[in-house]
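Novice: Quick mapping for you: the protein sequence lines, in order, are chains A and B.
The working numbering numbers the first residue of the first sequence as 1 and each following residue consecutively.
The working numbering numbers the first residue of the second sequence as 1 and each following residue consecutively.
One or more hints might be untrue.
Which copy is meant is left open, so a pair is good if it fits within one copy or across any two.
Here are the simulated lysine to any residue pairs, SDA-like style, with alpha carbons at most 25 Å apart [claimed, not checked]:
#: 1; residue 1: Lys175; residue 2: Arg144
#: 2; residue 1: Lys122; residue 2: Gly86
#: 3; residue 1: Lys235; residue 2: Leu14
#: 4; residue 1: Lys175; residue 2: Leu62
#: 5; residue 1: Lys295; residue 2: Gly343
#: 6; residue 1: Lys263; residue 2: Arg182
#: 7; residue 1: Lys105; residue 2: Gly185
#: 8; residue 1: Lys116; residue 2: Asp197
#: 9; residue 1: Lys116; residue 2: Ile195
What the hints contain is simulated information worked out from the structure, not anything from laboratory work.
There are 2 protein chains.
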Amino acid sequence: MNTEIIAVGSELLLGQIVNTNAQYISNNLSDLGINVYYHTVVGDNRNRFMEALKIASGRADLIITTGGLGPTMDDLTKETIADFLGLKLTLHEPSAQAIREFFKKRGRTLTENNLKQAMFPKEAVVLPNNYGTAPGAIIEKDNRVYIMLPGPPFELQPMFSNYVIPYLAERENQKIFSRVLRIYGIGESAVEETIKDLLINQTMPTIAPLASYGEVTLRLTVKCDREQDPLEFIKPVEDEIRRRLGDAVYGIDSESLEIVVAKLLEEKGLTLAVAESCSGGLIGDMLTDVPGISKNFLEGAITYSNEAKIKRLGVKPETIESHGAVSRETAREMAVGITETTGADIGLAVTGIAGPGGGTVQKPVGLVYIAIAMNGEADVDEFRFSGDRKRIKHSTAKQALDLLRRKLLNI
Amino acid sequence: MNTEIIAVGSELLLGQIVNTNAQYISNNLSDLGINVYYHTVVGDNRNRFMEALKIASGRADLIITTGGLGPTMDDLTKETIADFLGLKLTLHEPSAQAIREFFKKRGRTLTENNLKQAMFPKEAVVLPNNYGTAPGAIIEKDNRVYIMLPGPPFELQPMFSNYVIPYLAERENQKIFSRVLRIYGIGESAVEETIKDLLINQTMPTIAPLASYGEVTLRLTVKCDREQDPLEFIKPVEDEIRRRLGDAVYGIDSESLEIVVAKLLEEKGLTLAVAESCSGGLIGDMLTDVPGISKNFLEGAITYSNEAKIKRLGVKPETIESHGAVSRETAREMAVGITETTGADIGLAVTGIAGPGGGTVQKPVGLVYIAIAMNGEADVDEFRFSGDRKRIKHSTAKQALDLLRRKLLNI
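If we strip away everything but chain A, and leave its shape as in the complex, we get (with noise of 0.2 Å):
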């Protein structure tokens, strides 16, 4: 089968909100194997919705709508869908029951127009709503499936799992797994230079390279029979890929660096401790979104002032004096001095210039120096990063977690 997702709602068109529910649902139909050709958002228009269903009626063979399902009069999809397909609404008596019980469980009077909700062509499987008063429903027509669900997710989820999937489940035979494997340290484009061969001639695993907030994903994708072990046409493409490009592949599906770093910190059983001046607190901020953190991270100094790095990490003045505070030797002396303050195994240390002030042509925004300390010794490398101040020290943190995470793999 192949998809098209129709959004109705003129606050998407606006921009007040934003299609979650289309990520929703593509994302399950991906792992049902069905295909998704098209979203589309349409306002609450019926002559556009009228177009829309139109061409998607053209081009898909099942037809998934959100929204527009309620008791205003601006919620138009289930009768401009039964006029698309000339079917007649009519009061369905269960779904009436149901919205008159929900009324009466809030101790709320049901006006009219709640009724509205329960009008349904007689051809149509009708889906209950366990969390609002709008049911959805699902209408079998000349060889096209238009399934109709509400637009609040948290009234559209449940009802997709519920009672959407297995019908659709129902209706293929088919099962697509995915792996995704996420890298650092290599651009999008040096990623596909390294594999082109195997992106020219990908079939089974298909692979689609995507790059975002400096890491590149490469996400292969198996479309197999229900009894076939997807694994089986992953796993050596997979295997190929590593080969090629080392420790830059760091983790797979939803394995961030931070995740990583904190699984090899446990591994090894060693502790961390972090001096931030450019990101902020942002390192601790992301190793202390990974739960369990606290068995290996001991403490985090955020030492903005040269006074703190002074008097916090024992970074010499005359070091700042003759260095500057975003310098080799600071970021040395910080690592060192977090390991030696806090008794941690580990220290890691970054200094910076942010911006959008404070650069200089010697040391212009975007300048940043990391450092690993370990008994005493501290490696320290330099980079330059562009972007706004929340870029910088997004990626600062980025890299700098990425240099621990193989400094821990060689340890």
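For chain A, the structure is supplied; the task is to place chain B on it using the hints.
Specialist: Frame of chain A, contents of chain B only:
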């Protein structure tokens, strides 16, 4: 002008990412008084994208595409649009130069396919990309405007506000002006109750409430002629809302809590130090997103372990033993401790249980204490937040910043 936004990218149809670009663009266009009638999402597929272009050019006169401008083989937005409009791509030397410098600056080697990003029809107005390698473009043809923007939001957003908005504003004769009032500490329904009459009688300006992450915003929007002053319409309504909601209105437009706190610290000439346990550095991260904060934000301590609380902040071991690390007393000693050890005028401290583990019946996940210290005295408040670990950290940080804001207002 009526607009269609076409997002190009299979990752959207697979549900890997959500189409936030469409929201961002729609939101900005509505501020310009430009209608958006359709959003379309299509995969990295030449034929289906061509199909989408045909349909869009039949129903819109402004067509904005996002994504598909990158260096890889499946980036085909420019190529397809050029074909569709019967235009040829040639190397745009300034862009090629910018890309070469971008790589030089990072010490990365330029691969051939990167220059693909500098290919444009000579009819195009090329839009520089200050945060990535893929420039955008504007092409006017047959009374239609085609605007191509990169996919990554951090590249698209500055390009849109720096180049596209001025270009579009030039063409429009009306203007829309919005002011967003930002509210913290009152729920959405309570806000609506308080200004019900204003919401019912709204005309000029219109008032749109929106709730997100514990905040409520009210968007006041006026559409008027170029030469009129929209504030004349906004001001009286804004004043009335402020009169009713008081201190809960903390800022306007893009003023975040951290920006407001930073301003207040500067106005009052006070210095701040922060001690974070459960928020793990998030408060420091938020504060240091504000340019120039270094004048007033001296230092942060991410005292995750008990040892750190004792050693860094001088929390008494007995206090942690008898009351626990998550307690009113520990929060108080953390706040007083961070002021005394840093010499800051104000100390902010948080300790709590972010979960998922570590909760008990007496001290459930989500229990958080926030303390603010001045002159050796500290006020402590108790909160019970819900949601997952990240959500609890986020609620903690925002609540802490709001308490600090209210404290500063009364100094």
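Novice: Hint by hint, note whether the structure agrees.
Specialist: Against the structure, the hints come out as follows:
1. Lys175 <-> Arg144: Cα proximity of Lys175 and Arg144: one copy only (21 Å, versus 42 Å across).
2. Lys122 <-> Gly86: within (12 Å within a copy, 50 Å between copies)
3. Lys235 <-> Leu14: between (45 Å within a copy, 21 Å between copies)
4. Lys175 <-> Leu62: within (17 Å within a copy, 39 Å between copies)
5. Lys295 <-> Gly343: Answer is within: at 14 Å inside a copy they meet the 25 Å cutoff, but 30 Å across does not.
6. Lys263 <-> Arg182: Answer is within; shortest intra-copy Cα gap is 16 Å, inter-copy 40 Å.
7. Lys105 <-> Gly185: For Lys105 and Gly185, only the inter-copy Cα distance (15 Å) is at most 25 Å; the intra-copy one is 46 Å.
8. Lys116 <-> Asp197: This pair counts as between: shortest inter-copy Cα distance 19 Å, intra-copy 57 Å.
9. Lys116 <-> Ile195: between (54 Å within a copy, 18 Å between copies)
In the structure shown, no violation is registered for any of the earlier numbered hints.
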